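*Asks:* Under the working numbering, the first residue of the sequence shown is numbered 2, with each subsequent residue one higher.
Since the hints were made in silico from the structure, they are not lab data. Since we're looking at a predicted model, the values are computed, not measured. Heads up, a few of these hints could be off.
The calculated lysine-lysine pairs, modelled on PhoX-like cross-linking and capped at a C-alpha distance of 20 Å, are [claimed, not checked]:
{"hint": "1", "residue 1": "42", "residue 2": "3"}
{"hint": "2", "residue 1": "3", "residue 2": "14"}
{"hint": "3", "residue 1": "52", "residue 2": "14"}
{"hint": "4", "residue 1": "42", "residue 2": "14"}
{"hint": "5", "residue 1": "77", "residue 2": "98"}
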Amino acid sequence: MKIDVEYIVRDGKIELVDTFTGRIMDGRSYSEGLQQAIQAKESIEIEPETKTLATITYQNFFRMFKKLCGMTGTGKTEEQEFVDIYNMRVNVVPTNKPIARVDEPDAIFVNAEDKW
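Throw the hints in and build the complete structure from the sequences for me.
*Replies:* Written out as structure tokens, the structure reads:
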């Protein structure tokens with residue numbers, strides 16, 4: 002575990018960092034003693050391990066709400082899942098600028114030497 006990459010120390014507490022976004026994940030902690038090991042490594046107060054009392058899937062969590070909405074760049078490709086699981090329709094919002102991406106055909110190589 003690397004400080005300032007996977008976690009930070011702030012106000013005497015370990016705070017986890019989302020390695021994809023760089024954002025702090027408030028209220029989250031490592032399990033199975035890892036949080037306490039990092040606390041010891043960073044010479045801060047070692048707190049007792051927390052226990053998970055309940056878990057819920059995203060699907061069941063979202064079913065608890067009468068109304069749902071959201072935005073994603075990949076909704077159309079997963080449209081059937083939105084219909085089947087959430088009974089939601091998917092609307093496509095067109096881009097406001099032409100797509101700059103150029104789609105090339107797939108290239109498959111037998112080995113790395115042929116690839117480069």
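*Asks:* Each hint should be assessed against the structure and marked as holding or not.
*Replies:* Results for each hint:
| no. | hint | verdict |
| --- | --- | --- |
| 1 | 42 with 3 | holds, 11 Å |
| 2 | 3 with 14 | holds, 15 Å |
| 3 | 52 with 14 | holds, 18 Å |
| 4 | 42 with 14 | holds, 12 Å |
| 5 | 77 with 98 | holds, 19 Å |
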